[in-house]
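Knowing the structure of chain A, use the given hints to seat chain B on it.
In the order they appear, the protein sequences are chains A and B. Okay, so the first sequence: first residue is 1 according to my numbering, each after it adds one. Okay, so the second sequence: first residue is 346 according to my numbering, each after it adds one.
Heads up, a few of these hints could be off.
Stated by the list, open to error - Each computed SDA-like pair below joins lysine to any residue, with the alpha-carbon atoms no more than 20 angstroms apart:
1) A/K204 x B/E526
2) A/K86 x B/I529
3) B/K613 x A/I147
4) A/K112 x B/H533
5) B/K521 x A/E214
6) A/K219 x B/D520
7) B/K535 x A/T73
8) B/K535 x A/E76
9) B/K613 x A/E145
10) A/K329 x A/G270
11) B/K404 x B/N423
12) A/K206 x B/N530
13) B/K399 x B/R498
14) A/K86 x B/R537
15) B/K535 x A/E71
16) A/K219 x B/N530
17) B/K535 x A/F215
18) A/K204 x B/S523
19) A/K219 x B/L531
20) A/K219 x B/I529
21) B/K521 x A/G220
22) B/K613 x A/N116
23) A/K204 x B/I529
24) A/K219 x B/V522
25) A/K112 x B/F536
26) A/K219 x B/S523
27) A/K86 x B/K535
28) B/K539 x A/S115
No lab work stands behind these hints: they were computed from the structure.
Each chain, letter by letter, is given below.
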Amino acid sequence: MKKILGALAVVLLTFQACKQNTTNSEASSSNTNTMDIQVSGEPETQKALAPPFVQEPVGNRGAKKIIVNLEATEIEQELADGVTYKFWTFNNTVPGTFIRIRVGDEVELRLKNASNSVMPHNIDLHAVNGPGGGAEATNVAPGKEAIFTFKALNPGLYVYHCAAAPVALHIANGMYGMILVEPEGGLPKVDREYYIMQGDFYTKGKTDEKGFQEFDQDKGVDEKPTYVVFNGKKNALMGENALQAKVGETVRLFVGNGGPNLASSFHVIGEIFDRVYVEGGSKINENVQTTLIPAGGAVIVEFKVEEPGEYILVDHSIFRAFHKGAIGKLVVTGEKNPKVFNKVK
Amino acid sequence: MLEKKEATMNKLLKIFLIAGGFFFLFSCENSSSQQEITSVTEASELVKIQTEVKMIPIKGGKYQPFYGEDSTLVEVNNFLLDERQVTNNEFLEFVKKNPQWKRSNVKAIFADETYLQDWQDDETLPKNANPDAPVTYVSWFAAKAYAKSAGKRLPTLDEWEFVAMADEELANARDKVSYSENIINLYHVKFREKNPVKQSAPNYWGVYNMFDLVWEWTDDFNSIMSTSDSRNGKVDDKGLFCAASATSVTDVLNYAAFMRYAFRSSLKANYTVANLGFRCAKDINQ
Chain A
1 MKKILGALAV
11 VLLTFQACKQ
21 NTTNSEASSS
31 NTNTMDIQVS
41 GEPETQKALA
51 PPFVQEPVGN
61 RGAKKIIVNL
71 EATEIEQELA
81 DGVTYKFWTF
91 NNTVPGTFIR
101 IRVGDEVELR
111 LKNASNSVMP
121 HNIDLHAVNG
131 PGGGAEATNV
141 APGKEAIFTF
151 KALNPGLYVY
161 HCAAAPVALH
171 IANGMYGMIL
181 VEPEGGLPKV
191 DREYYIMQGD
201 FYTKGKTDEK
211 GFQEFDQDKG
221 VDEKPTYVVF
231 NGKKNALMGE
241 NALQAKVGET
251 VRLFVGNGGP
261 NLASSFHVIG
271 EIFDRVYVEG
281 GSKINENVQT
291 TLIPAGGAVI
301 VEFKVEEPGE
311 YILVDHSIFR
321 AFHKGAIGKL
331 VVTGEKNPKV
341 FNKVK
Chain B
346 MLEKKEATMN
356 KLLKIFLIAG
366 GFFFLFSCEN
376 SSSQQEITSV
386 TEASELVKIQ
396 TEVKMIPIKG
406 GKYQPFYGED
416 STLVEVNNFL
426 LDERQVTNNE
436 FLEFVKKNPQ
446 WKRSNVKAIF
456 ADETYLQDWQ
466 DDETLPKNAN
476 PDAPVTYVSW
486 FAAKAYAKSA
496 GKRLPTLDEW
506 EFVAMADEEL
516 ANARDKVSYS
526 ENIINLYHVK
536 FREKNPVKQS
546 APNYWGVYNM
556 FDLVWEWTDD
566 FNSIMSTSDS
576 RNGKVDDKGL
586 FCAASATSVT
596 DVLNYAAFMR
606 YAFRSSLKAN
616 YTVANLGFRC
626 AKDINQ
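Chain A on its own, in the form it takes in the complex:
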């Protein structure tokens, strides 16, 4: 009997120990500490930049109160050369303005809906802990403003989007963007940073059919896009809008996928990602050729460019790249580096 009790006690103790272990590791990896980070100093209004550009890194600064102003707008602009579409946006760009904060920051998000909007809009930020990610708190009629606050508890790169009904339509029309929550002390320093989001679009006319194109609900439901593009327009990152870097620099791309439907097989032709923050989170994978970005998900990739030339960004589901627009360009200038790459004959 004693033996049995003894064994039982051991089992119980082990069980207890295991339990404690799990709670400990949970605590270290997530919210419990970051909730206690104090904010200090004057509130700062976040600067709004159009993609592919992003704000300065947070660096070593302490946690602060940050005011973010976003405006929901409905605008007609080009989806491809000679093709127009009625986009719904945050701050008139697809994707919407990048938001850059650090863990522990307290954000006051002010969402205005333009007075000439037809629809109500709201915002669900995947970086928020709370019902609807803010959607419920910000559902806002045309001409009105909604404000809510949240504390950034989890570092990472997150998608935000409009979640007003019908959600699929709001996302299909381009209502998404990203928010970066840097860890304490900031992300490691790099030479260049860019902001890119993939999105699929559904038009009545065929790909590249000129003129104004209406949204096609059937194609949306069937998940058969007429366009798959980076930054809201076919060729948005081509020609004079191509991304730039110099030989020897390290480039960091914040890449998101607004969807609404497709997952992206993100790849840069002629480069290998030295580091990938898998799914935009804290795990780092190294030496990756192609990384998968789910709809409503994101990734941070970093790579050093060694050789001048043109590097093509694609969704490696390759028909999308060369037929539907999921293509962009990074132009690298500088000295040739024959040790790394050399055409012999």
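This is chain B only, laid out in the frame that chain A set:
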């Protein structure tokens, strides 16, 4: 285990909040406070106005709101509905006779700061405004007061949606793909509210402009639960998920209705919006 259950519940909650279901939640709470304020408005004396607008008799019946299941048919009685929205000109006449509803006099709890904002002054319509275009930037309280002074009322949400099922040929055109498509395309067009009423074809009933000019106030715009037989504030999960997921054929066809519910859910009774107007209704045996 308990935590896990809670997490699942939270997740479920999040799903239907995201899908636009959130507006159901607060409906009953709002409607009670609204009723209190209503009685305040009604206390202030209104001077009667005469209106010329034709009223169309609507033969009631049972209909299925987009958010319900097959079994949740809602009965709509026979009623009269204005053939078009209240126009700028008509609203001007109303405020002339009821100065408490002039822009400079209106109380903030009854109309927010954008009330009649484009008007040049208390008794002058906006520059370049068509007097026969629907009046906009009017609050629910103002719309209700107007209706009352005209000896009418606002249509209920169900009455409005019942008439909205019609296209030009059928009383219920919801099964037609073109019906929903046309409305959704219309809903994408800006500045429609500047156009005068009755320039497009009437629907099956002879009612004009249900979709092509403005969103419209309904009497119970924020109390969707009033259509089911319970007003106890409890949320019918099944109905919500049905609406929220919008996966069944009926829901897809009712995409346009879904948009209207989303719009209504973004409103408060004192809100005034650039593309939001109203029309009046009346019981048939009055």
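We went through each hint and held it up to the structure:
no.	hint	in the structure
1	A/K204 x B/E526	holds (11 angstroms)
2	A/K86 x B/I529	holds (12 angstroms)
3	B/K613 x A/I147	holds (15 angstroms)
4	A/K112 x B/H533	holds (19 angstroms)
5	B/K521 x A/E214	holds (19 angstroms)
6	A/K219 x B/D520	holds (19 angstroms)
7	B/K535 x A/T73	holds (11 angstroms)
8	B/K535 x A/E76	holds (10 angstroms)
9	B/K613 x A/E145	holds (12 angstroms)
10	A/K329 x A/G270	holds (11 angstroms)
11	B/K404 x B/N423	holds (5 angstroms)
12	A/K206 x B/N530	holds (18 angstroms)
13	B/K399 x B/R498	holds (15 angstroms)
14	A/K86 x B/R537	holds (15 angstroms)
15	B/K535 x A/E71	holds (17 angstroms)
16	A/K219 x B/N530	holds (15 angstroms)
17	B/K535 x A/F215	holds (15 angstroms)
18	A/K204 x B/S523	holds (14 angstroms)
19	A/K219 x B/L531	holds (19 angstroms)
20	A/K219 x B/I529	holds (15 angstroms)
21	B/K521 x A/G220	holds (18 angstroms)
22	B/K613 x A/N116	holds (18 angstroms)
23	A/K204 x B/I529	holds (13 angstroms)
24	A/K219 x B/V522	holds (14 angstroms)
25	A/K112 x B/F536	holds (19 angstroms)
26	A/K219 x B/S523	holds (15 angstroms)
27	A/K86 x B/K535	holds (10 angstroms)
28	B/K539 x A/S115	holds (14 angstroms)
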